[in-house]
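S.K.: Same order as they appear, the protein sequences are chains R and C.
Quick note on the numbering used here: the first sequence kicks off at 3 and runs consecutively.
Quick note on the numbering used here: the second sequence kicks off at 587 and runs consecutively.
By construction, these hints were calculated from the structure, which means they are not laboratory data.
In this text, all values refer to a predicted model and were calculated from it rather than measured experimentally.
Quick reminder that beta carbons are idealized off the backbone N, C-alpha and C, glycines included.
Treat the hints with caution; some may be incorrect.
If the Cβ cut is set under 8 angstroms, some of the chain C residues that face chain R in the computed set are [to be verified]:
id, residue
1, Phe-625
2, Gln-635
3, Pro-688
Footprint (simulated), chain R over chain C, 3 or more residues, beta carbon under 8 angstroms [stated by the list, open to error]:
id, stretch
4, 601-608
5, 677-685
Calculated Cβ distances over 12 angstroms to all of chain C for the following chain R residues [as the list claims (entries may be wrong)]:
id, residue
6, Arg-11
7, Lys-18
8, Asn-53
9, Val-57
10, Asp-88
11, Gly-110
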Amino acid sequence: EAGVVQSPRYKIIEKKQPVAFWCNPISGHNTLYWYLQNLGQGPELLIRYENEEAVDDSQLPKDRFSAERLKGVDSTLKIQPAELGDSAVYLCASSLGGDTDTQYFGPGTRLTVL
Amino acid sequence: LAKTTQPISMDSYEGQEVNITCSHNNIATNDYITWYQQFPSQGPRFIIQGYKTKVTNEVASLFIPADRKSSTLSLPRVSLSDTAVYYCLVLDNYGQNFVFGPGTRLSVLP
Chain R
3 EAGVVQSPRY KIIEKKQPVA FWCNPISGHN TLYWYLQNLG QGPELLIRYE
53 NEEAVDDSQL PKDRFSAERL KGVDSTLKIQ PAELGDSAVY LCASSLGGDT
103 DTQYFGPGTR LTVL
Chain C
587 LAKTTQPISM DSYEGQEVNI TCSHNNIATN DYITWYQQFP SQGPRFIIQG
637 YKTKVTNEVA SLFIPADRKS STLSLPRVSL SDTAVYYCLV LDNYGQNFVF
687 GPGTRLSVLP
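Isolated chain R, as found in the complex (with noise of 0.2 angstroms):
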């Protein structure tokens, strides 16, 4: 069974540069999730859809980032314009949904904003 997907693994930009990430979560999977990790530290929470619907995006700034899950499976996490404190990897995770609800992550994007 493939795992989540994301793309690109590395990104190197300039400082007001937009950026886009894309994560492709585990087939079937209804729950999904994107996650900033500064080195060092534990992954935060951005924003959660179920389906379509963003559940939770309290975490999310949304002066300069967004996202969207259109049809449900596929996302994209935007950030425009970059800062140089967006230089961090930014993770993307999936689930089912239900009682266990086991959140299954991929790679991440490394970030560098110069």
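Position chain C against the provided structure of chain R, taking the given hints into account.
M.R.: Relative to the frame of chain R, chain C by itself:
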């Protein structure tokens, strides 16, 4: 919001049992506590999850006391390949935000 603490690092030798504890308060009363392993340049990998008392699978055990204010991951006989960062994951008591612990860096020595 749930708050979590973990030891920053631990050292062990091959073949020893390792116990890593995560303290967590203000967590949801009806959700699972989950532990993940993370290697450099990879996403977190699921190890085990539990709700209360003790859970065991082929790689680890998880102990959760009745008050659910902490959980302890037990790795029975570690090997060099278990060198990684270990995180606990909980759901806060508002039932909205998933919160990772700060992570424990385990180094297994030969």
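S.K.: Could you run down the list of hints and mark each one as holding or not?
M.R.: Here's how the hints hold up against the structure:
The interface hint given for C:Phe-625 is violated, since its Cβ lies 10 angstroms from the closest Cβ of chain R, which is over the 8 angstroms cut-off. Against a cut-off of 8 angstroms between C-beta atoms, the interface hint on C:Gln-635 holds, since the closest Cβ of chain R lies about 6 angstroms away. Given hint, C:Pro-688 at the interface with chain R, holds; its Cβ is 5 angstroms from that chain's nearest Cβ, closer than 8 angstroms. Beta-carbon proximity to chain R at under 8 angstroms applies to 0 residues in the stretch 601-608 of chain C; the threshold of 3 is not reached and the given coverage is violated.
For the stretch 677-685 of chain C, the stated coverage by chain R holds: 4 residues have a C-beta nearer than 8 angstroms to a C-beta of that chain, and at least 3 were required. Here R:Arg-11 does not stay apart from chain C, with its beta-carbon only about 9 angstroms from theirs, under the 12 angstroms limit. With a least CB separation of 27 angstroms from chain C, R:Lys-18 remains clear of the 12 angstroms interface cut-off, as annotated. No beta-carbon of chain C is positioned within 12 angstroms of the beta-carbon of R:Asn-53; the least distance is around 17 angstroms.
Distance check for R:Val-57 against chain C: the nearest CB is about 8 angstroms away, which does not clear 12 angstroms, and the non-interface claim fails. Listed as a non-interface residue, R:Asp-88 keeps its Cβ farther than 12 angstroms from every Cβ of chain C; the least gap is roughly 19 angstroms. Its beta-carbon lying about 5 angstroms from the closest one in chain C, R:Gly-110 breaks the requirement of being farther than 12 angstroms from that chain.
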